[in-house]
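Please build the complex by placing chain H on the supplied structure of chain W, with the hints as guidance.
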Amino acid sequence: MGGKTKSWLRLSTVLLLSLCIGLTGCGGGNGNSGAQPEAKDSAEQTTPGTDGDKIEPFEVSVFIGQPDQQPTPDNKIYKLIREKTGASFKFEFLAGDIDQKLGVMIAGGDYPDMMTANQKLTAAGAFIPLEDLIEEHAPNLKKHYEKYWNMMKDPNDGHIYNLPNYGVTNADVTSSYYSGPAFWIQKDVLAEAGYPEVKTLDQYFDIIKQYKEKHPTIDGTPTIGFEILNYDWKNWGLFNAPQHLIGHPNDGGVVVKDGKAEIFADKDYAKRYYKKLNEMNALGIIDKETFTQNFDQYMAKISSGAVLGMFDQHWNFQSAEDALITQKKDERTYVGLPLVFDESIKDHYKDRPALNLNNGFGITVNASEEQAIRIIKLLDTLIQEDWQKILSWGIEGEDYIVKDGRFMKTQEQRDLFTDATWKLANKADSFHGQAPKMEGLFSDGNATDGAAQPEEMVAALREYDKNFLAQYGFNSYVDFFSPAPENEIAYPAWSVDLVDGSEAKIVNTKQNELSTKYLPKAILAKPEEFDSVWDEYVSEIRKLNIKAYEDRINEVLQWRRDTWSVK
Amino acid sequence: MEETVVKDSAVRKPKKNKKITWAVLKEQRQLIYMSVPLMAYIILFAYVPIWGWTMAFQDYKPARDFSEQKWVGFKHFEFLFKDDSFLQVFRNTLAMSVINIILGFTTAIILALLLNEIRKVFWKRTVQTISYLPHFLSWIIVTGIVATSLASDGIINDILMKLHLIKEPIQWLSEGKYFWGIVGASHVWKEVGWNTIIYLAAMASIDPALYEAADMDGASRYRKMFHVTLPGIKPTIIILLIMQVGHILEAGFEVQYLLGNGLVVDWSQTIDIFVLKYGLAQGNYSLATAAGIFKTVVSVTLLLIANGVAKRLGEERLL
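Chains as they are written, first to last, in the working numbering: chain W, 1 to 567; chain H, 1001 to 1319.
The following block holds chain H by itself, in its conformation from the complex:
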């Protein structure tokens, strides 16, 4: 819900330095008519549901009228912030999110740069296709593959044993210290190819004249990568980064839920799992809503901060 609001305001970026007059409106009336259904959609599905936030301040019971609900003020927020484990799940969520963002961005950009340098179209296409196919697998399948590969007789341990790097199989999934890394690596494996698509598109739009000019100046391939390609896709990177910052509390749910177990629970639980356990599974929709509000507020704040920083630095902005 919150995402739609954010993205939409990006789309409807008002044209600066242009006064909106009746004449302009009349001139563009077809466009305005066309936007009506979309506006209706956004109001209906993004703004009206915000009414549901009232649930966070009630002891909400389903199938009761609004007037019959019991109001309890900030009780659910208090439960959330007083609970010891909430701090822990907050930490885990943030940590895994940051790892995902850093790994996700660097790997995707590096792969895109490398792909961009491949001159044979056939190889480029093949590598690209192979690398983005895992994106279409659902997490339940990916976690199955991950768990199997990391098992004591799985491929990772097999390779490490054969290379004599370790003496006996490592129990990857029973050590908390490995967990964040495993989640990060799984994300990279699944999404890296998909994430390169947007960068490759951005690279395709770089003016070839710039490369020619660089050639004339005698720039090597690496020089061109650093001084032409990277600056060329910088606006794209910044916009994506800002959008990612808005999602920082969405470290994912399925991966941690499916790969986690009792031994690593201190590292694997995210806010979403906490909400499922103490909110939805207990029929406590109010608590779930309270946690949702908390996440939204944090996300929007971070988004605005990131946007502000980008403005200061004179970079591309979202809002």
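Next comes chain W alone, as it looks inside the complex:
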């Protein structure tokens, strides 16, 4: 009996082993010999349709500097790209900290073919200059970037290393979504006050105060009047408001007046804002925990629907607002208000998109010369309009419908477009998000982005919002803001590279540290102590070599004016 079992065991093991070997053998064979002819087949079929060059399959390794998910292997858009151009992508996404990851890559000099831009990489000489490659091989890209050509050059050596992914627009299209900074207020606060026009900081806090007095709790949670987030690098909730209140656009830590940048942290208009916050704190409007909370706690409070207002950028708390929508608390979602100190000041919150410098793909020194040419040709192909439609809207008939020449989506398609799992198999977002892209309108008048297509904007509005906007006579929430004027040529100052380890950067770090320390102190101080805390803060700031910081910004702004002006 025992012997029999043993031999059975042996036999089955042998069978199993041989099966394994057979299977892997077959698998390997398929991979090597099966796939290639297929690719060639499709290549031959499509060749006449494209430009006559024979299509050879090639693989591009890509590093994306943000966390993302791998697309599914049979993703339909990448498959189409592979069939039509021969290119397949091997993505590596960021896991962990970008600085650490890049530090390791730089130290080893080990780069994939294509990487998203980063100052560290450029400084380490990881990217190859692209201008000659584009001139020679990529007429469409050249045309795409023509107006921005000088802006793309690196201030340090005049080469183009990266292809900015956003900011090349061919029409000023108003999207229904405003993602930038504003004083946000719960819709119900405005509704209860009878839909007033709120223009100034004082009016804003007045109606918040009234609402809070009337409703001490919302759904059982104590009402919070105003939140100020200052956590880690998300410091604009505390730092940035003063520049907007005097009618300037977002320049980061400076205000550019008559072409000269200066910090505003220690100016009187900043004092005026923080003094107001100090008064509001004394009245209990401001959340007591606002300066000790972390980002998650902040988001949790907003999601509860108990926060009446805050200064923030929309994208930052978008997911908390999404949670409110899911809970069907439409009246607890927010409207952005472009507040100023006095009604005589014109608001300038909304700005025209500036070229997204130091973003988008660059080709690394590790890509061979032929590979670099292949990549630039690939990008050149994909910037053309038919490809741009596929990358942005998808496949006609499947992902969107065309009615009288207008692109539209059915409700089902709209829902799919917000489904992350579906997108992994049916959209090429991780590539498209970083690649050069058309923004504005296609030549047939359709918007390049679904969210900016007027028909889609209307269809996407919920019932509550339709009524709300009707009270103001607006079409979308963007109408609360003054239209964006033309940007000053060097705008925005926040994108100036301060250069790691330089005096300017150290001064900036120290100044932020002082603000993080003193501003909460000043706001939470007893009203009669505010002035003394403020004076201490200002004197601490003046001890720093602020001039080094301002000089660096002015130097780059001047350089931009000199080289970016279209002559």
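If you are wondering where the hints come from, they were derived from the structure by calculation, not from laboratory data. The beta-carbon is built from N, C-alpha and C at its ideal position, and this holds for glycine as well. Treat the hints with care, as some may be off.
If you want the ones that stay clear, here's a sample from chain H, every Cβ over 12 Å from chain W, calculated [unchecked claim]:
no.: 1; residue: V1036
no.: 2; residue: L1103
no.: 3; residue: A1202
no.: 4; residue: G1252
no.: 5; residue: L1263
no.: 6; residue: L1280
no.: 7; residue: L1287
no.: 8; residue: V1298
Which stretches of chain W does chain H cover? Using the computed rule of at least three CB atoms under 8 Å from a CB of chain H, they are [what the hints assert, rightly or not]:
no.: 9; region: 100 to 109
no.: 10; region: 212 to 220
no.: 11; region: 281 to 291
no.: 12; region: 337 to 346
If you want a taste of the chain W side facing chain H, the calculated C-beta under 7 Å gives, among others [stated by the list, open to error]:
no.: 13; residue: A470
no.: 14; residue: D500
no.: 15; residue: G501
no.: 16; residue: T516
no.: 17; residue: K517
The following block gives chain H in isolation, referenced to the frame of chain W:
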């Protein structure tokens, strides 16, 4: 890196009063062969990286050859010691470290003594398991729990309010004077159970005859704790203390980084956070290295001093 050096020399403590001859070496050759991979490991990962200290004297730029680096002497050390806030972060680091050591040792020893007195194995095991489980949580989770418990509607304020000890919730995390204590308490909560394990092991090795003898002399339970158990684990305590002194500049990074905020920054910043802000985040690896050298030098010095003191007192030593 420095730790490995220290610990390793402890392991390879040379046998005193015994001459090493070729004959002995030959006799023990299997053992020597076995130690080769370990030696290689230590040389490769503990000694070779010391070469990186050269970075502290350069304006180091990545992806450049050694010969292309710019040498700047003691510039980065100067920046470090001239900066006002460095003194402050040094103070904070030391203070929190000392608090952690004192609280950590006393609580762990007391808990171990108490556990040792429990006669029912089931209860002993249960208490032990429950108390050391938090050790396996990462600091990001622990700080989340701490922040939530200390919030104005958190459990601490709730209890204090219900007991009528306070009239309105205390903003624990916005007062600098509470910060060191909060960090110390969090460390205790997280590590106390884990730290008792080694003491319990030491207690288990105490000769039962000593307890019997004490019994014969009519010693009470407390007497036995003080005169048998504590002296029995004294060598362990001293060794651990010496090792802790070597880590005195490692007050931790995550706790302070995650619990700190603008209002308590004068108490919460440690050397590691300073290095992150002005070194790594600015791509200034040289400054980070300089701070690392400073920490190592201080640690090794303190370790030697503590070891010397222990020698004077005729206690157990590390080296």
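Results for each hint:
no., hint, result
1, V1036, "28 Å, holds"
2, L1103, "23 Å, holds"
3, A1202, "39 Å, holds"
4, G1252, "18 Å, holds"
5, L1263, "5 Å, violated"
6, L1280, "7 Å, violated"
7, L1287, "8 Å, violated"
8, V1298, "24 Å, holds"
9, 100 to 109, "holds (count 4)"
10, 212 to 220, "violated (count 0)"
11, 281 to 291, "holds (count 3)"
12, 337 to 346, "violated (count 0)"
13, A470, "39 Å, violated"
14, D500, "4 Å, holds"
15, G501, "4 Å, holds"
16, T516, "4 Å, holds"
17, K517, "5 Å, holds"
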